[in-house]
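Chemist: Put chain B on the given structure of chain A with help from the hints.
Those protein sequence lines, which keep their order, are chains A and B. Every letter in the first sequence is one number past the one before it in my numbering, and letter 48, counting from 1, is 48. Every letter in the second sequence is one number past the one before it in my numbering, and letter 143, counting from 1, is 423.
If you are wondering where the hints come from, they were derived from the structure by calculation, not from laboratory data. Predicted model only: the values in this text are computed from it and were never measured. Beta carbons: idealized from backbone N, C-alpha and C, even for Gly. Some hints could be false.
Said to hold, decoys possible - Derived DSBU-like pairs (lysine-lysine); straight-line CA-CA distance at most 35 Å:
#1 B:K517 with B:K327
#2 B:K414 with B:K290
#3 A:K95 with B:K512
#4 B:K290 with B:K597
#5 A:K135 with A:K95
#6 A:K240 with A:K55
#7 B:K499 with B:K527
#8 B:K305 with A:K231
#9 B:K462 with B:K512
#10 B:K462 with A:K55
#11 A:K49 with B:K305
#12 A:K168 with B:K327
#13 B:K327 with A:K226
#14 A:K59 with A:K255
#15 A:K135 with B:K414
#16 A:K135 with B:K462
#17 A:K231 with B:K306
#18 B:K527 with B:K592
#19 B:K414 with B:K578
#20 B:K462 with B:K588
#21 B:K327 with A:K55
#22 A:K55 with B:K306
#23 A:K59 with B:K327
#24 A:K199 with B:K327
#25 A:K59 with B:K512
#26 B:K327 with A:K231
#27 B:K305 with A:K135
#28 A:K95 with B:K414
#29 B:K512 with B:K283
Claimed, not checked - What the simulated footprint calls covered on chain A by chain B, stretch by stretch (three residues with Cβ under 8 Å from a Cβ of chain B suffice, anywhere in the stretch; the number is not a length):
#30 57 to 64
#31 131 to 142
#32 151 to 159
#33 222 to 236
As the list claims (entries may be wrong) - Pair by pair, the computed Cβ-Cβ distance ranges are:
#34 B:T287 with A:T52: 53 to 59 Å
#35 B:D373 with A:G83: 32 to 38 Å
#36 B:D373 with A:E209: 29 to 35 Å
#37 B:T577 with A:S202: 48 to 54 Å
#38 B:G442 with A:G278: 39 to 45 Å
#39 A:D189 with B:I339: 30 to 36 Å
#40 B:F566 with A:D189: 38 to 44 Å
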Amino acid sequence: MADIAKLEKVASQVRRDIVRMVHAVNSGHPGGSLGCADYFTALYFDVMKYSTDFKMDGKGEDLFFLSNGHISPVWYSTLARAGFFEVKELATFRKLNTRLQGHPTTHEGLPGVRVASGSLGQGLSVAVGAALTKKHNNDDRIVYSLHGDGELQEGQIWEAAMFAAHNKVDNIISAIDFNGRQIDGDVSDVMDLGNLRGKWESFGWTVTEMDGNNMQAIIDGLAHAKTLTGKGKPVMIIMKTEMGAGVDFMMGSHKWHGVAPNDEQLANALSQLPETLGDY
Amino acid sequence: MKKYTSTGNKDTRSGFGDGLLEAGKKNENVIAMCADLTGSLKMDAFKNEFPDRFIQAGIAEANMIGMAAGMTIGGKIPFTGTFANFSTGRVYDQIRQSVAYSDKNVKICASHAGLTLGEDGATHQILEDIGLMKMLPGMTVINPCDYNQTKAATIAIAEHHGPVYLRFGRPKVPVFMPENEKFVIGEAIHLTEGTDVSIFATGHLVWEALQAAEQLEAKGISAEVINIHTIKPLDAKAVLASVAKTKCVVTAEEHMRHGGLGDSIAQLLSRENPTPMEYVAVNDSFGESGTPEELMTKYGLDAANIVKAAEKVIKRK
Numbered sequence: 001m002a003d004i005a006k007l008e009k010v011a012s013q014v015r016r017d018i019v020r021m022v023h024a025v026n027s028g029h030p031g032g033s034l035g036c037a038d039y040f041t042a043l044y045f046d047v048m049k050y051s052t053d054f055k056m057d058g059k060g061e062d063l064f065f066l067s068n069g070h071i072s073p074v075w076y077s078t079l080a081r082a083g084f085f086e087v088k089e090l091a092t093f094r095k096l097n098t099r100l101q102g103h104p105t106t107h108e109g110l111p112g113v114r115v116a117s118g119s120l121g122q123g124l125s126v127a128v129g130a131a132l133t134k135k136h137n138n139d140d141r142i143v144y145s146l147h148g149d150g151e152l153q154e155g156q157i158w159e160a161a162m163f164a165a166h167n168k169v170d171n172i173i174s175a176i177d178f179n180g181r182q183i184d185g186d187v188s189d190v191m192d193l194g195n196l197r198g199k200w201e202s203f204g205w206t207v208t209e210m211d212g213n214n215m216q217a218i219i220d221g222l223a224h225a226k227t228l229t230g231k232g233k234p235v236m237i238i239m240k241t242e243m244g245a246g247v248d249f250m251m252g253s254h255k256w257h258g259v260a261p262n263d264e265q266l267a268n269a270l271s272q273l274p275e276t277l278g279d280y
Numbered sequence: 281m282k283k284y285t286s287t288g289n290k291d292t293r294s295g296f297g298d299g300l301l302e303a304g305k306k307n308e309n310v311i312a313m314c315a316d317l318t319g320s321l322k323m324d325a326f327k328n329e330f331p332d333r334f335i336q337a338g339i340a341e342a343n344m345i346g347m348a349a350g351m352t353i354g355g356k357i358p359f360t361g362t363f364a365n366f367s368t369g370r371v372y373d374q375i376r377q378s379v380a381y382s383d384k385n386v387k388i389c390a391s392h393a394g395l396t397l398g399e400d401g402a403t404h405q406i407l408e409d410i411g412l413m414k415m416l417p418g419m420t421v422i423n424p425c426d427y428n429q430t431k432a433a434t435i436a437i438a439e440h441h442g443p444v445y446l447r448f449g450r451p452k453v454p455v456f457m458p459e460n461e462k463f464v465i466g467e468a469i470h471l472t473e474g475t476d477v478s479i480f481a482t483g484h485l486v487w488e489a490l491q492a493a494e495q496l497e498a499k500g501i502s503a504e505v506i507n508i509h510t511i512k513p514l515d516a517k518a519v520l521a522s523v524a525k526t527k528c529v530v531t532a533e534e535h536m537r538h539g540g541l542g543d544s545i546a547q548l549l550s551r552e553n554p555t556p557m558e559y560v561a562v563n564d565s566f567g568e569s570g571t572p573e574e575l576m577t578k579y580g581l582d583a584a585n586i587v588k589a590a591e592k593v594i595k596r597k
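Chain A extracted, bound-state conformation:
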């Protein structure tokens, strides 16, 4: 049984890390990062089986791919808090010579990252490829991937969706961060996704939905998703989140997609997020 209270404490610290990281360099993407803090915490502190002794090949491990790479702060914090690298390295985020590049990369050798992402739409293809290799290697672990809702406007996503269904890639659990916001405004205004569930179902995926800002719902939703694997179809979770979740003034708008808080806003945000594991 997952210890929900403990996971919520981790998520609170991850949110503190996120706002402190983007504040320190006055750049980065806090909104989507905050919205996905609960999902990342659940994945790395309860759901996935992995070794922090990082090996690129990841044989015998669950793998995670972040396709919407701009929410790197939440991933970096989670990786550090999970033990992939020292927490103090979070202080180097987006600074010269850092392994914590603005968008995630393998190029600087950061443990936990298996492909670069940032240019949108590519991560589902990579995840499907990794899932194919797991099948070839008779490796029964799962490949997880996360995608932005705005990112679904990229055509490559749908190429990968068609391929995965046609080829019965059923060892992948993808998730859409469905916060309804993108840089220029609401997704429904910029380019509406229409019947999102119906789209994925018609592309041949098993689709499930979950509340991405409720730890118990995430734990249950990911457990349910796992029961759907191995049945000849790829699995998609439409994960409803709130951009900026956990910091009241960052919620309810797209404007915190890629803007850092100032000193006063940082203090306000931190006052809403208990320090549970110790700041870096």
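Modeler: Just chain B, lined up with the frame of chain A:
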């Protein structure tokens, strides 16, 4: 001067197909992926021998490149196959981010490169692909000259760790490189020794360079023909040694002048040993429909134009 004879005409894409089959037999991690051009890429033999290791990606090249990057995670060595245009320009950002920047061991194998694709015309005749690929940090760029060399190169890149762009073509062209000669990535091959002019050629133009060298010999000009099958990393030592002797250069390639082999050699020589140089390449133009032979003549990519370029550059010494 050493003479080369053709043992018959074969397409370089068949060298790729036969090399892929052999690489697949040698290493069970070799995977072949194709975007609905299995017959054109001559990947049928691999597909029939290893059906479980052949992936039909459909007409979705971006996804194919992304999946290839993902497949390396866990130790696979994916060879992607489609036309050169769809292997590079169409998927440049996928190669850039998911393959090159991510240091993935993907082999991007591109057929029907250049004008010799023929009648399909300019939409399919990419002449910019070498430039696009060589600009990517860490990318190896290989353009073999005949069936035997393409087969050997295909086998060699399976054993090389890192992203590779392998470029070959559609038409049947003379086979003149020795069968089963080991392919060494980055090591240029001296085909003829000469003293008056260095001719650096790649791909289909290597045979034309040899024909040109014979015509030049008849005119009393000693040409050194060097087969630059690997454009990146360039064999700078071989280029500089030859130029030190001949003091002038002709480059020959089925590619745009901008960004091609000639461009790489000019860049090297401008730094190390500025030398008169002439290009046999396409000059800032798209191609068009026609037979391969007609197109190579119209765009000046043949032995006659290499001879002219050599005579011109010798006068500039």
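Chemist: Each of the hints needs a verdict: does it hold here or not?
Modeler: Here is what the structure says about each hint:
Straight-line distance between C-alpha atoms of K517 (chain B) and K327 (chain B) comes to about 40 Å, which puts the hinted pair past the 35 Å bound. For the given pair, K414 (chain B) sits about 27 Å from K290 (chain B) by alpha-carbon distance, which is consistent with the 35 Å threshold. With a C-alpha separation of about 32 Å, the suggested pairing of K95 (chain A) with K512 (chain B) holds against the 35 Å cut-off. Annotation: proposed proximity of K290 (chain B) to K597 (chain B) is violated, straight-line Cα distance about 38 Å (limit 35 Å).
In summary, the hint linking K135 (chain A) to K95 (chain A) is not supported, as the alpha carbons are separated by about 39 Å, beyond the 35 Å threshold. For the hint pairing K240 (chain A) with K55 (chain A), the CA-to-CA distance comes to about 32 Å; that is within 35 Å, so the pair holds. Distance restraint check for K499 (chain B) and K527 (chain B): the Cα-Cα separation of roughly 19 Å lies within the 35 Å cut-off, and the hinted pair is therefore satisfied. Of the pairs offered as hints, the one joining K305 (chain B) and K231 (chain A) holds, with about 32 Å between alpha carbons and a cut-off of 35 Å not exceeded.
A threshold of 35 Å between alpha carbons decides the hint, and for K462 (chain B) with K512 (chain B) the separation of about 18 Å falls inside it, so the pair holds. With a CA separation close to 33 Å, the supplied pair K462 (chain B) and K55 (chain A) stays within the 35 Å bound. Taken as a hint, the K49 (chain A) and K305 (chain B) pair is honoured in the structure, with Cα atoms around 34 Å apart against an allowance of 35 Å. Taken as a hint, the K168 (chain A) and K327 (chain B) pair is honoured in the structure, with Cα atoms around 19 Å apart against an allowance of 35 Å.
Of the pairs offered as hints, the one joining K327 (chain B) and K226 (chain A) holds, with about 33 Å between alpha carbons and a cut-off of 35 Å not exceeded. For the proposed pair K59 (chain A) and K255 (chain A), the alpha carbon gap of about 40 Å is over 35 Å, so the pair is violated. The straight-line distance between the Cα atoms of K135 (chain A) and K414 (chain B) is roughly 33 Å, inside the 35 Å bound, and the hint therefore holds. With a C-alpha separation of about 34 Å, the suggested pair K135 (chain A) and K462 (chain B) falls inside the 35 Å cut-off, and the hint holds.
This hinted pair checks out: K231 (chain A) and K306 (chain B) have alpha carbons roughly 34 Å apart, not beyond 35 Å. The hinted pair formed by K527 (chain B) and K592 (chain B) meets the criterion: a straight-line CA distance of about 13 Å does not exceed 35 Å. A hinted pair counts as satisfied when its Cα atoms are at most 35 Å apart, and K414 (chain B) with K578 (chain B) qualifies at roughly 27 Å. Among the hinted pairs, K462 (chain B) with K588 (chain B) is consistent with the structure: their alpha-carbon atoms are about 33 Å apart, no more than 35 Å.
Taking the CA atoms of K327 (chain B) and K55 (chain A), the gap is about 31 Å. The hint holds against a cut of 35 Å. The hinted pair formed by K55 (chain A) and K306 (chain B) meets the criterion: a straight-line CA distance of about 25 Å does not exceed 35 Å. Our distance criterion of 35 Å between C-alpha atoms is met by K59 (chain A) and K327 (chain B), whose separation comes to about 26 Å. A distance of roughly 32 Å separates the Cα atoms of K199 (chain A) and K327 (chain B); the hinted pair therefore holds under the 35 Å criterion.
Our distance criterion of 35 Å between C-alpha atoms is met by K59 (chain A) and K512 (chain B), whose separation comes to about 33 Å. A distance of roughly 26 Å separates the Cα atoms of K327 (chain B) and K231 (chain A); the hinted pair therefore holds under the 35 Å criterion. Our distance criterion of 35 Å between C-alpha atoms is met by K305 (chain B) and K135 (chain A), whose separation comes to about 20 Å. Pair hint K95 (chain A) plus K414 (chain B) holds up; C-alpha atoms about 29 Å apart against a cutoff of 35 Å.
For the suggested pair K512 (chain B) and K283 (chain B), the alpha carbons sit about 28 Å apart, so the restraint of at most 35 Å is met. With 4 residues having a beta carbon nearer than 8 Å to a beta carbon of chain B, the segment 57 to 64 of chain A meets the requirement of three or more and the stated coverage holds. Against chain B, the segment 131 to 142 of chain A contributes 7 residues with a C-beta closer than 8 Å to a partner C-beta. That satisfies the three-residue criterion, and the hint holds. Evaluation of the coverage hint for the segment 151 to 159 of chain A: fulfilled, as 3 residues show C-beta separations to chain B shorter than 8 Å, against a requirement of three.
Check result for the segment 222 to 236 of chain A against chain B: violated, 0 residues qualifying (beta carbon to beta carbon below 8 Å, three or more required). For the pair T287 (chain B) and T52 (chain A), the supplied restraint of 53 to 59 Å holds, since their beta-carbon distance comes to about 57 Å. For D373 (chain B) paired with G83 (chain A), a C-beta distance near 33 Å keeps the hint of 32 to 38 Å intact. The hinted range of 29 to 35 Å is satisfied by D373 (chain B) and E209 (chain A), whose Cβ atoms lie roughly 31 Å apart.
About 52 Å separates the C-beta atoms of T577 (chain B) and S202 (chain A), a value consistent with the hinted range of 48 to 54 Å. Roughly 41 Å separates the CB atoms of G442 (chain B) and G278 (chain A), a value that falls within the hinted 39 to 45 Å. Checked against the hint of 30 to 36 Å, the pair D189 (chain A) and I339 (chain B) passes, with Cβ atoms roughly 32 Å apart. The beta-carbon spacing between F566 (chain B) and D189 (chain A), approximately 39 Å, falls within the hinted interval of 38 to 44 Å.
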